[in-house]
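The listed protein sequences correspond, in order, to chains A, B, C and D.
Residue numbers for the first sequence follow numbering that gives the first Met the number 0, beginning at 0 and rising by one.
Residue numbers for the second sequence follow numbering that gives the first Met the number 0, beginning at 0 and rising by one.
Residue numbers for the third sequence follow numbering that gives the first Met the number 0, beginning at 0 and rising by one.
Residue numbers for the fourth sequence follow numbering that gives the first Met the number 0, beginning at 0 and rising by one.
Heads up, a few of these hints could be off.
Claimed, not checked - Each computed DMTMM-like pair below joins lysine to aspartate or glutamate, with the alpha-carbon atoms no more than 20 Å apart:
{"no.": "1", "chain 1": "D", "residue 1": "K62", "chain 2": "B", "residue 2": "D50"}
{"no.": "2", "chain 1": "D", "residue 1": "K98", "chain 2": "D", "residue 2": "D27"}
{"no.": "3", "chain 1": "C", "residue 1": "K98", "chain 2": "C", "residue 2": "E113"}
{"no.": "4", "chain 1": "C", "residue 1": "K98", "chain 2": "C", "residue 2": "E110"}
{"no.": "5", "chain 1": "C", "residue 1": "K103", "chain 2": "C", "residue 2": "E113"}
{"no.": "6", "chain 1": "B", "residue 1": "K23", "chain 2": "C", "residue 2": "D57"}
{"no.": "7", "chain 1": "C", "residue 1": "K112", "chain 2": "C", "residue 2": "E101"}
{"no.": "8", "chain 1": "C", "residue 1": "K22", "chain 2": "C", "residue 2": "D71"}
{"no.": "9", "chain 1": "D", "residue 1": "K62", "chain 2": "A", "residue 2": "D61"}
{"no.": "10", "chain 1": "C", "residue 1": "K49", "chain 2": "C", "residue 2": "D61"}
{"no.": "11", "chain 1": "C", "residue 1": "K102", "chain 2": "C", "residue 2": "E113"}
{"no.": "12", "chain 1": "B", "residue 1": "K73", "chain 2": "C", "residue 2": "E101"}
{"no.": "13", "chain 1": "D", "residue 1": "K94", "chain 2": "D", "residue 2": "D27"}
{"no.": "14", "chain 1": "C", "residue 1": "K22", "chain 2": "C", "residue 2": "E113"}
{"no.": "15", "chain 1": "D", "residue 1": "K98", "chain 2": "D", "residue 2": "E109"}
{"no.": "16", "chain 1": "D", "residue 1": "K62", "chain 2": "C", "residue 2": "D107"}
{"no.": "17", "chain 1": "B", "residue 1": "K73", "chain 2": "C", "residue 2": "D107"}
{"no.": "18", "chain 1": "C", "residue 1": "K98", "chain 2": "C", "residue 2": "D71"}
{"no.": "19", "chain 1": "D", "residue 1": "K37", "chain 2": "D", "residue 2": "D27"}
{"no.": "20", "chain 1": "C", "residue 1": "K115", "chain 2": "C", "residue 2": "D57"}
{"no.": "21", "chain 1": "D", "residue 1": "K98", "chain 2": "D", "residue 2": "E108"}
{"no.": "22", "chain 1": "D", "residue 1": "K95", "chain 2": "D", "residue 2": "D27"}
{"no.": "23", "chain 1": "C", "residue 1": "K22", "chain 2": "C", "residue 2": "D107"}
{"no.": "24", "chain 1": "B", "residue 1": "K73", "chain 2": "A", "residue 2": "E82"}
{"no.": "25", "chain 1": "A", "residue 1": "K25", "chain 2": "D", "residue 2": "D27"}
{"no.": "26", "chain 1": "C", "residue 1": "K102", "chain 2": "B", "residue 2": "D50"}
Simulated from the structure, these hints should not be mistaken for laboratory data.
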Amino acid sequence: MVNIIYQIAGAIALAAILLAFIRMIKGPTAADRVVALDAMTIISISLIIFLAATLQRVIYIDIALVYGLISFVGIVAIARYLERGI
Amino acid sequence: MTTIIIAVLGAIMIAAAVLAIVQKSLLSAVIAAGAISLLASLLYIVLAAPDVAMTEAAIGSGLTTIVFLFALNKIRKEDKHG
Amino acid sequence: MTLITILGLVLIMIGLWGMLTQKNIIKIIIGFSIMDTGVHLIMVSIGYLKDRTAPIIDSAVDQANAVNTVVDPIPSALVLTAIVIGLAVTALMLSYAIKLYEKKGTLDINEFKELKW
Amino acid sequence: MELAGAIITLIGSIFLFLGALGLLRMPDIFNRMQAGTKATTLGSILFLTGSAMAHAECTCTGKIVILILFIIFTNPLSSHALARAAHFIGIPLAKKTVKDDLAEDEKKEEGGQL
């Protein structure tokens with residue numbers, strides 16, 4: 000029972016990453032695509048935790064820690080480029 | 000379960016690669032290349048290689064995008080002056 | 000994992016198509032980076048064995064029986080080096096692109112024809 | 000305990016899905032940014048908390064608390080930087096927008112300087 004509910008939650012998160020990517024395809028300006036990339040990053044952090052729980056290794060959580068910091072630096076760099084250049 | 004994850008993420012990766020090639024705007028192409036690296040680091044976790052996933056997340060998705068943005072910035076600045 | 004090998008092959012083909020058909024130098028470098036990702040995926044998928052786990056010994060892996068429960072760590076060690084070298088090659092290509100832009104004022108590959116005959 | 004964790008995870012994933020749906024259906028970039036940042040922040044916090052509760056036997060609670068703190072600190076900052084950049088490069092608002100405080104402030108400052 001617990002496992003089935005948990006796997007349904009993972010499938011819904013996978014569908015969410017697909018929807019965010021459709022906005023990246025459609026987006027009229029580059030800023031829309033950056034917003035879609037930001038949302039995809041946050042959803043994929045959740046998906047990494049889901050994979051770590053499904054495959055039963057604690058060590059995979061460290062990847063989510065690294066990703067949470069690095070993606071922030073990348074998004075801020077793109078925002079500064081959009082505004083006036085790095 | 001892992002087969003479904005690989006199929007969905009692979010389809011998104013192929014679509015992002017085609018988007019990065021056919022896109023006119025250079026910034027949008029760089030963003031799509033960053034999305035490819037993000038999804039590749041998810042696939043490395045499924046392939047049981049967490050060290051590669053960590054490196055790909057830090058270097059492929061973070062640092063490569065910033066290096067591309069530096070180059071685009073140089074080109075745009077030259078454009079403004081000349 | 001056959002599926003991942005096919006995915007890597009498709010990514011290599013898309014990157015090669017982009018490198019051969021695009022006119023802008025930055026787009027050619029992006030195609031090279033996509034091709035790089037495809038090669039890395041294929042190399043990691045060679046070392047994967049079914050129903051096994053990551054080769055890091057902690058409380059989840061039995062130490063005495065570790066040979067039968069972990070995947071092959073050699074291809075992932077190779078790919079780890081290849082990713083870093085890929086970043087260096089990309090940065091070198093981008094610096095050449097900036098120099099070419101300062102020389103000619105354009106990034107169209109058809110304008111650079113000193114070596115054509 | 001484990002069933003409660005699984006249900007909290009399900010609620011968090013539904014928040015993630017609704018955030019992505021709002022990202023797809025909102026009319027202009029600022030509305031999209033609001034849907035794509037607030038809803039996914041709440042959803043991922045719920046998802047991580049539920050995962051830590053559903054797998055209580057693993058010793059990962061400290062790491063998940065640090066990860067939630069990262070998300071709470073970095074996510075509004077990056078979204079604020081993006082919104083500021085999008086406003087300054089002049090992306091048009093949606094037709095239904097009734098108020099734009101930042102543009103009014105800028106106009107007032109220019110008037111004061113003159």
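(message) When the structure is checked against the list of hints, which entries are broken? Sort them ascending.
(response) 6, 8, 16, 18, 20 and 26
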